[in-house]
Amino acid sequence: MYLRNENRRSHRWLRNMNARHPWLASGDVAMMRRAIDLARQAAASGEVPVGAVIYRGAEIVAEAANDREASSDPAGHAEMVALRRAGVALERWRLHDCRMAVTLEPCPMCAGALVNARLGGLVFGAFDPKAGAVGTLYDIPRDPRLNHRLPCAGGMLAPEAIGLLRKFFQDRRLRR
1047 MYLRNENRRS
1057 HRWLRNMNAR
1067 HPWLASGDVA
1077 MMRRAIDLAR
1087 QAAASGEVPV
1097 GAVIYRGAEI
1107 VAEAANDREA
1117 SSDPAGHAEM
1127 VALRRAGVAL
1137 ERWRLHDCRM
1147 AVTLEPCPMC
1157 AGALVNARLG
1167 GLVFGAFDPK
1177 AGAVGTLYDI
1187 PRDPRLNHRL
1197 PCAGGMLAPE
1207 AIGLLRKFFQ
1217 DRRLRR
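Just so we're aligned: the sequence shown equals residues 1047 to 1222 in the working numbering.
These are calculated hints, taken from the structure and not from any lab test.
Each hint should be verified, as a subset may be incorrect.
So the derived label-pair ranges between C-beta atoms look like this [claimed, not checked]:
#: 1; residue 1: Leu1192; residue 2: Arg1138; range: 17 to 23 Å
#: 2; residue 1: Arg1066; residue 2: Pro1154; range: 21 to 27 Å
#: 3; residue 1: Ala1076; residue 2: Arg1222; range: 34 to 40 Å
#: 4; residue 1: Arg1191; residue 2: Arg1219; range: 35 to 41 Å
#: 5; residue 1: Ser1091; residue 2: Pro1190; range: 26 to 32 Å
#: 6; residue 1: Arg1191; residue 2: Arg1218; range: 36 to 42 Å
#: 7; residue 1: Ser1118; residue 2: Pro1175; range: 25 to 31 Å
#: 8; residue 1: Arg1131; residue 2: Ala1076; range: 17 to 23 Å
#: 9; residue 1: Glu1105; residue 2: Asn1162; range: 21 to 27 Å
#: 10; residue 1: Asp1143; residue 2: Pro1175; range: 30 to 36 Å
Source: prediction; values computed, not measured.
Beta carbons: idealized from backbone N, C-alpha and C, even for Gly.
Model the full assembly from the supplied sequences, consistent with the hints where possible.
Here it is, written out as structure tokens:
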């Protein structure tokens, strides 16, 4: 029953968003579900639960979860790791024929990297009021002063993405 209601909710979200974002497809929802699975894995290993998937149609090109703690890399955001992996997998840095699904609105660093990678589209789950650079604090991917812009849609499967983040930080506060 839960999955059926969840599918109904995600299809309703997609129908509502298609009016503003006609480029969205049901495959974007499937990739966001995969990103949420990656975020769960990140949380289980002590990382902030963010997952990212880069895909072309139904093909996953690269995927990653936050790994800043494990790698001691300040740029170990899921988006950055996935972009690096996609470049290696495709043997090119231009990802114009790919999209990304990520569970949290990208920060300025990640949003800039998405623009520089010439990504073809972005969908994300939770908006980030503290560091969001895809419409919340900044709108880097759609800034007309930059040489590339990409279509973006936020709020896809947001309740699940927000729930993972809230639970992670609540648990972290309780452990202190």
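Verification of the supplied hints:
Checked against the given bound of 17 to 23 Å, the beta carbons of leucine 1192 and arginine 1138, roughly 20 Å apart, stay inside it. Checked against the hint of 21 to 27 Å, the pair arginine 1066 and proline 1154 passes, with Cβ atoms roughly 24 Å apart. Judged by the Cβ atoms, the range 34 to 40 Å given for alanine 1076 and arginine 1222 holds: they are separated by roughly 37 Å. The beta-carbon spacing between arginine 1191 and arginine 1219, approximately 40 Å, falls within the hinted interval of 35 to 41 Å.
At roughly 40 Å, the beta carbons of serine 1091 and proline 1190 sit outside the given window of 26 to 32 Å. A hinted range of 36 to 42 Å holds for the C-beta pair arginine 1191 and arginine 1218, which are about 38 Å apart. The supplied range of 25 to 31 Å is met by serine 1118 and proline 1175, whose beta-carbon atoms lie about 27 Å from each other. Between arginine 1131 and alanine 1076 the beta carbon distance is about 19 Å. The supplied range of 17 to 23 Å therefore holds.
Separation of glutamate 1105 from asparagine 1162 is about 23 Å and conforms to the stated range, judged on CB atoms against 21 to 27 Å. As the Cβ distance of aspartate 1143 to proline 1175 is approximately 32 Å, the hint placing it in 30 to 36 Å holds.
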